Amino acid sequence: MKLILLIDILGTIAFAISGVLTAINKRLDPFGILIIAFVAAIGGGTLRDILIGANVAWMRDLTYVYVIFGSTIFTVVFRKRLEYIRRSLLLFDTIGITFYTIVGVEKGIAAGFEPIICIALGTITACFGGVIRDILCNEIPIIFRKEIYATACILGASAYFLLLNTTIPLDFIVIISGSVIFIVRLLAVYFNLSLPTIYRKDELE
Amino acid sequence: MKLILLIDILGTIAFAISGVLTAINKRLDPFGILIIAFVAAIGGGTLRDILIGANVAWMRDLTYVYVIFGSTIFTVVFRKRLEYIRRSLLLFDTIGITFYTIVGVEKGIAAGFEPIICIALGTITACFGGVIRDILCNEIPIIFRKEIYATACILGASAYFLLLNTTIPLDFIVIISGSVIFIVRLLAVYFNLSLPTIYRKDELE
Amino acid sequence: MKLILLIDILGTIAFAISGVLTAINKRLDPFGILIIAFVAAIGGGTLRDILIGANVAWMRDLTYVYVIFGSTIFTVVFRKRLEYIRRSLLLFDTIGITFYTIVGVEKGIAAGFEPIICIALGTITACFGGVIRDILCNEIPIIFRKEIYATACILGASAYFLLLNTTIPLDFIVIISGSVIFIVRLLAVYFNLSLPTIYRKDELE
Chain A
1 MKLILLIDIL GTIAFAISGV LTAINKRLDP FGILIIAFVA AIGGGTLRDI
51 LIGANVAWMR DLTYVYVIFG STIFTVVFRK RLEYIRRSLL LFDTIGITFY
101 TIVGVEKGIA AGFEPIICIA LGTITACFGG VIRDILCNEI PIIFRKEIYA
151 TACILGASAY FLLLNTTIPL DFIVIISGSV IFIVRLLAVY FNLSLPTIYR
201 KDELE
Chain B
1 MKLILLIDIL GTIAFAISGV LTAINKRLDP FGILIIAFVA AIGGGTLRDI
51 LIGANVAWMR DLTYVYVIFG STIFTVVFRK RLEYIRRSLL LFDTIGITFY
101 TIVGVEKGIA AGFEPIICIA LGTITACFGG VIRDILCNEI PIIFRKEIYA
151 TACILGASAY FLLLNTTIPL DFIVIISGSV IFIVRLLAVY FNLSLPTIYR
201 KDELE
Chain C
1 MKLILLIDIL GTIAFAISGV LTAINKRLDP FGILIIAFVA AIGGGTLRDI
51 LIGANVAWMR DLTYVYVIFG STIFTVVFRK RLEYIRRSLL LFDTIGITFY
101 TIVGVEKGIA AGFEPIICIA LGTITACFGG VIRDILCNEI PIIFRKEIYA
151 TACILGASAY FLLLNTTIPL DFIVIISGSV IFIVRLLAVY FNLSLPTIYR
201 KDELE
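Residue numbers (the UniProt record's numbering), protein chains in the order written: chain A, 1 to 205; chain B, 1 to 205; chain C, 1 to 205.
Take the hints with a grain of salt, since some may be wrong.
Heads up, the list lumps identical chains together, so a pair's fine if it works in one copy or across two of them.
[Said to hold, decoys possible] Each computed SDA-like pair below joins lysine to any residue, with the alpha-carbon atoms no more than 25 Å apart:
id, residue 1, residue 2
1, K201, G32
2, K26, E139
3, K26, D202
4, K80, I13
5, K201, I132
6, K26, I132
7, K80, D29
8, K26, L195
9, K26, V189
10, K26, D134
11, K26, C137
12, K26, I135
13, K201, F182
14, K26, K80
15, K80, V180
Derived from the structure by calculation, the hints contain no laboratory data. Every value quoted in this text rests on a predicted model; they were computed, and no experiment measured them.
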């Protein structure tokens, strides 16, 4: 239970940073940056909690709000150094989906949903904040660009349920399925992988 | 009660097929097709259930998930034959709004809402999935194109409440009000009908 | 309690009128105008109620529905005269955010949330209906144009909580913090104020 809280906070930091970097890229004003940081960090979890019918997490626990405020100020101040780390936005986004998928899956299990619904909840938690972030910044959502993104979340979440039937301790299941998401996503970007096409040549002309 | 479950499933199939056809039209990858099929099929009902404060139907009953998976695979495999039926997308979309309007109205009545709110819930159930489908596929939502679409749902839902005050059995009320939606929508498309304008000539220059 | 109901209705009227004026500007058909009026008037409050986990206000109290219908018909009929009042859209929008911020803050307090969450709820109530209104009308949301808009709501909501620690009666707190929102927003438009930039010159080239 403490581990899930920790990875929830780490996901919040990663997505808040990714939101700030996207907003700075678009040269938004301070308020716009803060809004995009919030939306990126809490959008997915909020939709998940509404779908589950649970209390929306950040509204009852101010930790999230403080963490997002802190991450936003930190990123704005040190943005030059973060830019030195190339692909830093990609990295923080990947860390975000890794942590958030696990959080979504575990909240789904706690609420008593079937595995396939929990996998959907994990994917929604991970991907939806980024979708709103990109729409508000007038970018085509990263999830719809031709890359393996949500697919990484689905694979990791599926691994989680496969391992749940073994004797592997829960903490290791979390680490293994998280690694699946992180590695699949980075490999997909690095080797420019995409899903196989269903279209015949004559359909694409 | 069994009739409403049946028409809910038929609406789900119709909207999943309409989502797949729209997504294939946009040459999306397999994951994109599945997402659009889901969103088209469950978007309207999800918003309705959230507004009512009820459990989201597809999260507790996997029937919907299986039906959408099945419809998606079926439509992808047989898409060539479906294309032979011209206007097939239009047809499945019209079947979808017909069934979903009735489902939305009956769920509203079951939750104890006033007729006007039930009519709104029916229209939301019918139209909202299509709106998200079109926005994600970067089309102008069909509901905002200058045609009678939501208006057909509103007319059918209103007919439902008018007939409820008569001695006509419920099953016939469902069939009659469903027919109103289906026929009004098809006539509107066929004769290219639209709502009367409120603008004077000099306002449109 | 009666005061908050009154300002809720006044906000509904102001936002319905702002919705109709935006929709007429886009030459939408009668159904489109009604939808935009509804979305503008109830969008923010609906998101607030869903986030709080409360019943959605307009679904249980038809007053809102009648008020929006009435405001829509009134505005469509008298739109020529409203156009004589220049900046009428701006004025009604500003009246709307003033009233809705207060309503959102007070509903947050009633539900037992921390001040910072109540300020967020007030800002969401005030701004979200306008965001959907603008997106559906294919305008860049007014909140993201470079002006002080949500900032006015945040300042007014913060003033509310500062004054709550004094001996000033609640009705005066409402009037003072509402005036803060109204005046800050109008001054920002009049003097074309925006938030200070965080970017150095070389970043903006």
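How would you label the pair K26, D134 (within, between, both, or neither) given a Cα cut-off of 25 Å? So K26 and D134 pass the 25 Å test inside a copy (11 Å) and across (20 Å) alike.
Given identical chains, is K201 near G32, meaning Cα to Cα at most 25 Å, within a copy, between copies, both, or neither? Close across copies (19 Å), not inside one copy (44 Å); limit 25 Å.
K26 and K80: within-copy, between-copy, both or neither at 25 Å Cα: Intra 15 Å, inter 39 Å, cutoff 25 Å: intra-copy only.
My question is about K26 and L195: at a cut-off of 25 Å on alpha-carbon distance, are they close within one copy, between copies, both, or neither? Classified as between: cross-chain Cα gap 16 Å, same-chain 30 Å, threshold 25 Å.
Could you place K26 and V189 in one of the four classes (within, between, both, neither) given a Cα distance threshold of 25 Å? Both. Shortest intra-copy (23 Å) and inter-copy (23 Å) distances satisfy the 25 Å Cα cut-off.
With identical chains treated as interchangeable, where does the CA-CA distance between K201 and I132 reach 25 Å or less: within a copy, between copies, both, or neither? Cα proximity of K201 and I132: none, with 34 Å in one copy and 29 Å across.
Taking 25 Å as the upper bound on the Cα-Cα distance, should K80 and I13 be classified as within, between, both, or neither? within (18 Å within a copy, 47 Å between copies)
With identical chains treated as interchangeable, where does the CA-CA distance between K26 and D202 reach 25 Å or less: within a copy, between copies, both, or neither? between (39 Å within a copy, 15 Å between copies)
If the cut is 25 Å between Cα atoms, do K26 and I135 qualify within a copy, between copies, both or neither? both (12 Å within a copy, 19 Å between copies)
For K80 and V180, with the copy left unspecified, which applies at a CA distance of at most 25 Å: within, between, both, or neither? neither (31 Å within a copy, 37 Å between copies)
As a check of your reading, is K26 near I132 (CA-CA no more than 25 Å) within one copy, between copies, both or neither? Answer is both; intra-copy 15 Å and inter-copy 21 Å each pass.
Using 25 Å as the alpha carbon limit, work out where K26 and C137 are close: within a copy, between copies, both or neither. both (7 Å within a copy, 23 Å between copies)
Checked against the numbered hints above, the structure violates hints 5, 13, 15; every other hint is satisfied.
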